[in-house]
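Which chain is which? The protein sequence lines are A and B, in order.
Residues in the first sequence are numbered consecutively from 0, following numbering that gives the first Met the number 0.
Residues in the second sequence are numbered consecutively from 0, following numbering that gives the first Met the number 0.
Rather than coming from a laboratory, the hints here were simulated on the basis of the structure.
A couple of the hints might just be wrong.
Note that the list lumps identical chains together, so a pair holds whenever it fits in one copy or between two copies.
[Unchecked claim] Derived lysine-lysine pairs resembling DSSO-like cross-links, with alpha carbons at most 27 Å apart: (1) K376 - K224; (2) K226 - K339; (3) K321 - K341; (4) K139 - K226; (5) K354 - K376.
If you're wondering where the values come from, they're calculated on a predicted model, not measured in any experiment.
There are 2 protein chains.
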Amino acid sequence: MAANVLPVTPPQRILLGPGPSDVPPRILSALASPTIGHLDPQYLRIMDEARAMIREVFSTSNEMTMATSGTGSAGMEMCVVNLIEPGDEMIVCVNGVFGSRMRDVAQRCGATVHSIEADWGRIVEPSAVAAALADHPNTKVLGIVHAETSTGAHQPLVEISQLVHDAGALFLVDAVTSMGGVELLVDAWRIDAVYSGTQKCLSCPPGLSPVSFSPAALERMDGRKTKVQSWYLDVSMLRAYWSEERVYHHTAPINMTYALHEALRIVLEEGLEARIVRHTVNHEALRAGLEAMGLSYIPERSLTTLNAVHVPDGVDEMAVRKRLLNEFGIEIGAGLGPFKGKAWRIGLMGHSSTKRNVLLVLAALESLLLDQGADLKPGEALRAASGVY
Amino acid sequence: MAANVLPVTPPQRILLGPGPSDVPPRILSALASPTIGHLDPQYLRIMDEARAMIREVFSTSNEMTMATSGTGSAGMEMCVVNLIEPGDEMIVCVNGVFGSRMRDVAQRCGATVHSIEADWGRIVEPSAVAAALADHPNTKVLGIVHAETSTGAHQPLVEISQLVHDAGALFLVDAVTSMGGVELLVDAWRIDAVYSGTQKCLSCPPGLSPVSFSPAALERMDGRKTKVQSWYLDVSMLRAYWSEERVYHHTAPINMTYALHEALRIVLEEGLEARIVRHTVNHEALRAGLEAMGLSYIPERSLTTLNAVHVPDGVDEMAVRKRLLNEFGIEIGAGLGPFKGKAWRIGLMGHSSTKRNVLLVLAALESLLLDQGADLKPGEALRAASGVY
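Could you put together the complete structure from these sequences and hints?
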């Protein structure tokens with residue numbers, strides 16, 4: 000058996016899908032630094048630095064900020080299971096895959112879940128939230144997705160946060176595809192629990208989930224009558240490891256923490272504002288190019304980090320994606336749910352959000368669409384995109 | 000902020016604690032290979048190869064074998080939450096930290112847990128298992144730790160497996176510190192659910208947990224009346240991603256999978272039998288040396304991968320560990336639970352299990368114990384250890 004298995008030799012892709020994004024060499028080098036123990040003083044220093052930088056990128060001073068030892072979905076589950084006890088009422092806003100997932104997670108931990116549904120691609124309106132909170136005055140937590148990776152919808156949060164707090168509930172936000180790429184002000188927006196992933200706008204390999212909890216969220220946890228149903232994700236125990244006490248909980252993913260540390264350093268070197276501007280400009284250029292090719296956006300209010308567009312009639316979406324991968328080494332994403340077979344999702348996240356990639360993916364897409372007989376004016380997309388810069 | 004944080008520069012330790020063990024350069028190189036998408040055909044091939052090699056190292060043909068996106072404790076939780084429904088009876092054997100943890104995990108998912116307690120350092124006797132099964136004839140699952148990392152106890156499994164199956168229950172085994180270092184025959188020993196960690200005898204960085212489920216375990220899951228309480232660890236959904244269907248569940252930890260792939264290649268290159276012999280010989284040499292220094296073993300039946308010894312009276316255990324780390328760059332582990340401040344745990348796992356490390360740690364320990372005024376005959380430990388080779 001062993002004799003048959005060759006070493007891994009993954010190709011050098013250009014990752015323009017819904018994540019992972021391209022990982023810069025500095026981060027891969029950090030990842031490959033020597034493994035040390037999870038209680039080694041040198042590792043504890045790296046953890047503390049990573050935590051301080053996570054706080055900065057989340058724009059929060061929340062003491063309980065850390066990286067969960069799992070992907071973004073583990074961060075989602077951590078937030079829900081620590082805030083919810085069986086029988087608690089929770090409102091979940093559902094307008095795509097990740098809202099649906101949050102509802103499922105909440106139901107599995109015994110919450111009585113009330114959904115606010117919006118069409119996929121639409122955002123959730125404050126009026127709908129106000130109505131749901133009025134209907135369910137015992138709501139303990141309201142959960143919403145800031146950046147819905149399945150549709151590209153960019154959800155405004157400020158007004159909804161106000162409504163949630165006025166109703167005395169906690170405000171839980173999925174920031175997987177926004178952290179480090181889109182404005183996200185955890186303290187200013189009064190977010191009580193937030194989680195993200197490393198493989199999106201932080202351009203780190205997947206495997207960790209930065210999370211942060213407000214003092215009000217911790218107070219809720221401290222007042223629990225039942226144990227958190229997940230041992231692995233129990234914040235009350237993880238707090239003791241991430242505090243001065245350093246109480247062993249589970250072995251931390253050492254090397255992934257190195258990589259996250261370097262990814263956060265890169266974000267802060269560039270500066271959050273400059274980074275948001277870069278994502279905005281590259282998105283606008285891509286959008287100008289895609290629209291010049293006749294591709295229309297799905298969401299009413301698009302993220303700058305993810306561009307979900309309708310596949311034109313008569314175009315074989317899978318064939319185009321396969322050729323992009325095989326002939327150009329470019330990965331883009333397919334549609335999910337109602338958009339399966341009908342959408343492309345083009346990510347411009349973190350290190351992948353560059354002028355070079357914008358022009359390249361437009362040129363490649365144009366050539367493949369022309370091959371499929373699409374009615375395009377050659378060069379129009381690149382001209383439109385270049386006009387933005 | 001960013002300007003203040005320097006890049007990570009972890010030192011080159013010699014990891015002889017309870018894990019992580021030393022990670023060889025080949026594995027660190029694989030870890031730093033370019034990140035690609037989790038649905039990229041090239042990644043799917045790597046997953047399939049990793050899965051085939053996990054099966055081989057577990058000595059199983061179980062179809063449902065995979066790497067969980069979390070550390071060994073996530074693997075533990077996955078096994079328990081998928082096999083247990085609220086109200087199910089489960090027997091957990093508790094003779095150290097990890098048995099206690101399994102009991103806690105089982106209680107959190109609503110199991111009615113019956114414990115078989117043994118003193119820390121002792122193994123669990125088949126007679127105690129037979130008695131517990133007789134007392135609790137509705138037991139659905141019996142969980143036990145093969146390699147108790149907190150005490151170094153090496154639990155025999157064959158006879159207990161027979162009792163468990165005779166009683167119609169499923170047999171769940173923690174193999175975190177045994178997989179790839181100690182004999183572990185999942186099929187031959189009729190283990191229904193098993194989990195391990197990457198950072199022990201596989202010498203891969205921490206972050207993944209190889210798991211495997213027997214057809215009987217899958218049948219139990221298929222017959223569940225309730226959803227698995229953890230979305231993240233729900234095997235029914237993960238099976239669809241690890242199968243030909245490739246249904247997206249969560250973003251896999253791409254680079255960690257590269258590292259695990261290389262770690263498994265190294266295990267199979269050496270050969271399981273040769274690897275077990277190497278761990279045995281190095282353990283015997285270390286044991287001879289430690290005992291020649293007057294250090295006695297804690298467990299009645301020691302693992303070859305972890306050596307837990309009593310700290311001699313009058314010796315400051317923490318001072319010795321700190322000097323080992325600071326002066327020699329050697330990490331060893333402290334005692335846990337009743338052995339806190341009273342034990343050392345010296346791991347010889349995977350890449351760390353070498354003659355060089357055995358002689359080095361003996362020499363270093365001897366010099367530090369002499370410094371503390373211990374009554375030792377200098378050179379005796381090295382002579383005893385060398386005699387084994």
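Outcome of the hint check:
1. K376 - K224: Neither, since 65 Å and 57 Å both go past 27 Å.
2. K226 - K339: between (39 Å within a copy, 26 Å between copies)
3. K321 - K341: within (15 Å within a copy, 60 Å between copies)
4. K139 - K226: both (17 Å within a copy, 23 Å between copies)
5. K354 - K376: within (21 Å within a copy, 70 Å between copies)
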